[in-house]
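Asks: Below are the chains, spelled out letter by letter.
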Amino acid sequence: MAVIAEDRAPRARLRANRHAPVLIGTLLVGVPLVVFVLWPLAAILLRSFATPEGLGLDNYLSVMGTPRFRRILWNSLDVTLVSTVIAVGAAYVFAYGVQRSLMPGKALYRFLVLVPLFAPSLVQAQGLVLLFGRNGLINRSFGTSIDIYGYWGIVLAMVLYVLPYAFLILSTALAVADQRLYESARMLGAGPWRIFRTITLPATRYGLAAAIFVCFTLVITDFGNPMVIGANYNVLATEIYNQVIGQANFERGTVIGMVLLVPAAIAAIWEKYLSRRQYALISDQSKPLEIRRHPVRDWAFSAFCGFVCLAILAVVAVVVYASFVHLWPYRMTFSLRHYRFDVQNGIQPLWNSIYISLMAAAVGVVVVTAASYVIEKLKSPATRWLYFLSILPAAVPGMVLGLGYVLAFNNPANPIYMIYGTLLIIALANVYYYHAQGFLIASTSLKQVSGSFDEASASLGGSRMQTLWKVTLPLIAPTLVGVAVFFFMRSMVTLSAVIFLITPQTQVAAVSVLLLEDRGATNQAAAFSVCIMATVLGVLLVVRGALWALGWKDVRLIR
Amino acid sequence: MSLRISDVTKRFGPLTALDKVSLEIGRGEFVCFLGPSGCGKTTLLRVIAGLEEADSGRVDLDGRDLIDLPAQARNFGVVFQSYSLFPNMSAARNIAYGLECRRRPKAEIAARVDEMLDLVGLRDHANKLPAQLSGGQQQRIALARALAPDPQMLLLDEPLSALDAKVREDLRLEIRALQQRLGITTIMVTHDQEEALTMADRIVVMRAGRIEQVGSGRDLYERPASRFVAEFIGRLNVLPLNGAAPNLTLPLPAGAGRPGAVGIRPEAVRLHAEGTQGANHVPVQVAQVVFLGNLTQLVLDAGPDWPPFVAETQGAGARAAAPGAALVAELPAEALQVLEWR
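Protein sequence lines, in the order shown, are assigned to chains A and B. According to our numbering, the first sequence is numbered sequentially starting from 1. According to our numbering, the second sequence is numbered sequentially starting from 1.
If you're looking for bench data, these hints aren't it; they were derived computationally from the structure. Every residue, glycine too, gets a C-beta built ideally from N, C-alpha and C. All the given hints hold, so there is nothing to weed out.
The following label-pair restraints were derived from C-beta to C-beta distances:
no.: 1; chain 1: A; residue 1: F111; chain 2: B; residue 2: A208; range: 52 to 62 Å
no.: 2; chain 1: B; residue 1: P87; chain 2: A; residue 2: A362; range: 20 to 30 Å
no.: 3; chain 1: A; residue 1: A175; chain 2: B; residue 2: R218; range: 52 to 62 Å
Use the sequences and the hints to build the structure in full.
Replies: Here it is, written out as structure tokens:
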């Protein structure tokens, strides 16, 4: 007996030693995800069913029963579908021009189309109002009476807003192609249109579907643009804002939030499902595509892409212009007075944004790297749940998550209340709102460096920690820089996740733009937008320069 | 230093990768696990390395159960098919890695790295990154890296299959010479029978999760235990003996049944001029002549009941044979192996 007992004890200890890191890692990653993703969603779900007589469907019945709600739901779907189709169509042609033609100006277009990513998410509406609004450049210069407010204003703003997102996805999908397929098709006598229909389009169908779903989610959940340019045309996202901020009716707000969650969740789930299939299409033996010169095609694409860039640029340029004139549209003389920010809080919101974005970048990198490490390397029965929680935020509209934070944490009895009303909670909201994308970037990179390097390290006597510090982290470091930049950029420009969380002391720049615009302080709103864009661009340049000095090339910073 | 594998079983879902495998490997031996892909040879190596956990069974090293010892603690050197050199480290730092993980003094590490670089003849490439080395150089560095911590055993997982033919042949001899010089117990996984024959003291032929036969290359070639081994090691003509097939006399033990198919190695087939008579003499027609330098392969057609079979010869007569020529093939009774019974 004694012999067996001696033999068993070290075995049990060894097994425990192997399981301890899995348990600790799972808890370190899982607990914050439950607190900052699941709990707020549970809070909003619970609140939507809360009635004076306990839980019930009363809120749903009273909201959905109104003709106003049905009109708003229809408005939302209408605007979203039309904007998505236009944006994805234009982005496909644009991405095709960039990846599959030798059009003049390619490098410039490729950069310009991404400019909206550097700007607060309502800059399109802001610019369109400055161009085509009642006091817009066009109407005043030419005496026309174009009415941009409402449906078409929203659609136009949304198309310009989501086009770069669609472009990034489609550009990736079109970047890879197997030259051998194209050669075979040409040998068999297929013309360009048949080749496109039978080879190019099928090869990019998953990318196309992903772009559609991503744009759909972005449009249906965006509220900055319809707030500024929608006038009386209400959509679901603006309705949540109206109910919660305008009428302090949380119950109705949560019900509409739940309604908004459904299409966004369906789109997100489809997108995740399809994006897994994209990769199997190219084999190791594939030959990269050779693109031949074709003047007519190249100039046609150049003209189209030039036009799109012009539209994107015009909207941004007019905002920059407005920020430098004395009083739009009455005194169009040069002035720097809007950069004095003699409004409430002054320049503080910009600093708040920068602090929040830096915190979100730092915390975000750690959080998503830890999540992808635990999910990829410390497998356990809990892994699939961690994965689900990690990508769940992709299905949650920012306003819904933000509202969930208010309902869950704005309560002195809650331990998180300690940071409620601080910049940190806003940074955390951004981290978890963008968790899915950050996590997927990190885990894709981790998968590429995993497996054999881990085993090589283990067989050489390297412990888990030694492998992580000496091998894994140095190999994925360039990607992690990209992840940090991603969190920084998105946190600088986002509106929806933070709109319900700000206080007068913790107001952020993007919200300042919205509030100033709402008050009619067009010039100051423009100046804030310009500051946001300048900050994002400046940070991008600094990071790019630092990477260049380190000798790290090919690091993708804009996602 | 002997390794004993007893009744090791490993399943991946419905697939049984290893089915009660038992094997003993002695000190200083060079053993090859040979078999087609999916036979379990790599899984067995990974179980020994500690990279995979067996569902049941034991692996003992000098009587000590390894089952609860993780790969980190086993002190086995592993070389992978894809080299798996850390791409962010120079050749020298790759070699130093195992010693750094063991927290050895800096001076000792530096000396050992130099020693290893000399061992594989790549002193001049110490500071290059893996991407700057050729495939053969990378695999030499991987070997040096595996040997640097002075492992108890060397495990090679298809180390040569990603290399060009010429480099592969050089490295075979190099690895074998190194292994003999260091006297280190070595297991190599390969699907290439020629590799196994040139390098191993003993070959373990595996199939579908089981060990088919264990023995020296000569044992396996001359006394294969099964049709699978006979066909896998070297080339074998399989000739059915039913229906109207040519009559062959076989030295069969008393009471044996009727053979259904026999096998014969191409070099055992003897060729004679048309019209030659004798036991096991079969008239054939030359279908194809393949000149291979030191020998010539003739593909022979013996009528509709046998598939075309191959004879290998260095004789001058064969060199003259042209497609369409009529010959007589002798299949000597002592060279025939019964593969199937009726």
